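Listed below are the residues making up each chain.
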Amino acid sequence: MTRLILRRLALLVPTLLGLSILLFLWVRALPGGPAQALLGERATPEAVERINQLYGFDRPLPEQYVTWLGQLLQGNFGVSTRTGRPVLDEFLLRFPATIELSLVALLVAVGVGIPLGYLAARHQGRSVDHVAVVVSLLGVTVPVFFLAFLLKWLFAVQLGWFPSSGRQDPAMIATHPTGFYVLDGLLTREWDASWDAFVHLVLPAVALGSIPLAIIARITRASVIDVQHADYVRTARAKGMRPDHVRGRVILHNAMLPVSTTIGLQVGLLLSGAVLTETVFAYPGIGKFLSDAIFSLDYAVLQGFILLIAVVYAMVNLLVDVSYGLIDPRMRAR
Amino acid sequence: MRTRWQTVAGGVAVGLVLTGCAASDRDAEEGASASGGRDTFIFAASSDPASLDPAFASDGESFRIARQIFEGLVGVEPGTADPAPLLAESWEVSEDGLEYTFALKEGVTFHDGTDFDAEAVCFNFDRWNGFTGVLQSESLSYYWQKVNGGFAESDVETLDGTGKYESCEAADPSTAVVTLQSPLPELISALSLPAFSMQSPTALEEYDADGVTGEGDAPVLPEYATGHPTGTGPFVFESWSPGEEVVLSANEDYWGEQGQVRRIVFPIIADATARRQALQAGDIDGYDLVGPADVVALADEGYEIVNRDPFNILYLGMNQANPDLADLRVRQAIAHAINKEALVAQTLPEGTEVATNFVPPVVAGWNEDVTTYEYDPDKARELLAEAGKSDLTLDFNYPTNVSRPYMPTPEQVFTAITADLEAVGITVNPVPDPWNPEYLDKIQGGEDHGLHLLGWTGDYNDTYNFIGVFFGGPSNEWGFENEDLFAAINDARYVADIDEQTAAYEEANAAILDFLPGVPLAHPVPSLAFAPYVQGYPASPVQDEVYNVITFTD
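Taken in order, these protein sequences are the chains called A and B. full-length UniProt numbering numbers the first residue of the first sequence as 1 and each following residue consecutively. full-length UniProt numbering numbers the first residue of the second sequence as 1 and each following residue consecutively.
Just so you know, these hints were derived from the structure itself, not from any lab. One should not assume that every hint holds.
Computed footprint of chain A on chain B; a stretch qualifies when at least three of its residues, placed anywhere within it, have a C-beta under 8 Å from a C-beta of chain A [to be verified]:
| hint | segment |
| --- | --- |
| 1 | 39-48 |
| 2 | 238-244 |
| 3 | 267-279 |
| 4 | 282-296 |
Restraint-style ranges between C-beta atoms, simulated for each label pair [claimed, not checked]:
| hint | chain 1 | residue 1 | chain 2 | residue 2 | range |
| --- | --- | --- | --- | --- | --- |
| 5 | B | PRO432 | A | ARG28 | 30 to 36 Å |
| 6 | B | ASN490 | A | GLN71 | 47 to 53 Å |
| 7 | B | THR400 | A | ARG3 | 35 to 41 Å |
| 8 | A | GLU49 | B | ASP484 | 35 to 41 Å |
| 9 | A | VAL142 | B | ASP59 | 35 to 41 Å |
| 10 | A | LEU269 | B | PRO474 | 51 to 57 Å |
| 11 | A | LEU150 | B | SER47 | 22 to 28 Å |
| 12 | B | SER47 | A | THR15 | 31 to 37 Å |
None of these values were measured; they are calculated from a predicted model. Heads up, the beta-carbon is just placed ideally off N, CA and C, and yes, glycines get one too.
Bound conformation, chain A alone (with noise of 0.2 Å):
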């Protein structure tokens, strides 16, 4: 287990090198080169020159990698030249949004996607099935900023269930010690502000989690359908095994391998996904983050972010891996 960790761990600085390396390229590689980037198209020629000399860029391009690179590894990013802050700071102050609506779409994609196929591989060709198999195609098919404009539109403009945008009602004084909102009102016991943040998170959770929760929904009415006429399945039956503990324990303890798996690559889609739902819904999280300064050509933002966010999906990735060989010992051995 230790094992494994640590080789994807060492695996891990390849793959960040590289993609350091193509982010570094990116930029230099853009018409103007880096000053202009960071000037603006209307920098004069002066400007980029005294930019070019101060910032380096006109040193020789391995040099200035390298000295890119040390900075990244200290933590320094660069600045914002939208708002004029560190990077890693900017990053840090919107993580906990991103990530608190990331578990909350996925809680949405699990608690409702493994029953729901669970539910259909049960009633095979059934109502039931018929519906879990249209929810699938839908989720899969309608694009998030799609859905997330249908259900902003209906929940929070024509019905006023929901807010429309925001984490949280802007007439609410509350304090936040941890930055996740939710878990924030529950520890200062401000359990207006801690409702707020979920009825907030509720609509662009569901959006978000549209994607996870069909594919999640078929792979495990597939896993389900498959283990359920397994040999080991019947034996267990013959052997006169109680019929809800060969559901429990066999079926679905066994099914739910390819399932985890499938969860685990969710995460990433969803902080991908963060990007047009936290945009359509002005959430402040990364993601919005993010797709501000793609208008506004905050380069140092996204380098910085995108690598960031590189390391935040391997971590996951790892987390995903190491629970894949709780579940399973046969995953440990190799």
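Use these hints to put chain B onto chain A, whose structure you have.
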């Protein structure tokens, strides 16, 4: 096992129902708080402020916030663009227009407890004039540079010691005397800009207000400008979460009327549709820059629509670097070809006025008797024939994906004008460009453009702030050299006597309309929308809107 799944499914169902109930609770609570004394005003901003230190800002969103926290020596008469006393109760200008004596309001303190007095006034003036290095870039001290013309010292030759400001003296705690090197009659009007707000000298020093690092185009702001703005206004800065919201709270020690609003929240919602939906969903109490298409719909749904008196101009530019457009007869033909009444009725918000001058009528210097160009397609054809340009083809540049207060729907304006031009035999070659960054670059940065749509919203009540910006000197936008016209405008700027100055500006306006570098089209009305319970929003043509006068009803 089935029961366990059923429990889960049931749980999900219960969760959804609960959430539904919660949503209705939420509505009920809001209703209750409305009748039980609403005191937070939530107004959607379209972007983060550029800086909380208004001396380093020139954008509307920064000024909107600055106006709640800060006050200047001079304000405006509510609902107009005319200067009125604020922190200065009165002022006297010497005969030669060089000495301004301000009698200051007494008993006013800054939010940090520092006294507002003549010393503080001089501290602010000396600070602006003493900006050095990166602080002198246009992205920071734009307005001091534009109004004053320079700094005490500068590495840039054109800014070095070229300012009008000479010195400031505290004659006594409530009398500040500002001395100029040469007359600047627009000074009083200009002082109503938030950029010239009075700030606490103590806080400016304590939080290193002038410690801007980085480059002019990508400045890194100091602590003061990101978290400690300290003024004398009715609201005190509380917090700024970039990309999320800015929060202000009531100033308990405000010298004036504090009013009903105890807290202001500016959630930042960039997209206009999202702002409208946030209002409809009850998340916000109001927002600015309502699209013309949304105005009628929102009004029908019972929302309060507030219109500002237009303080702007939308015009059709005619670049004389293009030889065809250098012919006055062609420019006159184009002016006669455009049906401005129809254009305004079809493409601009209700209440919009047709323009005859390049300044709005409320600005001193607006001239009733300028040459006007009536809609007359026949005359347009005649003029074109006379110029030998009956089969003229022109490039027509217009911006896409943008909505400006003076031009909510550029594509529609373009289409309407094109139809008029084609009707008199001019072939239009459409050249659409995205507003940012291509459009302005192309129009102002180079010669390669023909007809174009652009406009301007005034900063304060002053003619030069309009026509000086457009025609004060040669530019790529207009492509002409006309020394007489440039001189008429620039000479008028420094006439110390206001009445004489107004007359000089009226003449300049008449000269512009005779020379016809472009066609003034309209003064579109900017609209704001509010929830029905918001009363008394102090709409102002120059957006001098302070929220302590807002009240809430049930």
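Structure-based check of all given hints:
{"no.": "1", "hint": "39-48", "verdict": "holds (count 3)"}
{"no.": "2", "hint": "238-244", "verdict": "holds (count 4)"}
{"no.": "3", "hint": "267-279", "verdict": "holds (count 8)"}
{"no.": "4", "hint": "282-296", "verdict": "holds (count 3)"}
{"no.": "5", "hint": "B:PRO432 to A:ARG28: 30 to 36 Å", "verdict": "31 Å, holds"}
{"no.": "6", "hint": "B:ASN490 to A:GLN71: 47 to 53 Å", "verdict": "49 Å, holds"}
{"no.": "7", "hint": "B:THR400 to A:ARG3: 35 to 41 Å", "verdict": "58 Å, violated"}
{"no.": "8", "hint": "A:GLU49 to B:ASP484: 35 to 41 Å", "verdict": "39 Å, holds"}
{"no.": "9", "hint": "A:VAL142 to B:ASP59: 35 to 41 Å", "verdict": "38 Å, holds"}
{"no.": "10", "hint": "A:LEU269 to B:PRO474: 51 to 57 Å", "verdict": "56 Å, holds"}
{"no.": "11", "hint": "A:LEU150 to B:SER47: 22 to 28 Å", "verdict": "26 Å, holds"}
{"no.": "12", "hint": "B:SER47 to A:THR15: 31 to 37 Å", "verdict": "36 Å, holds"}
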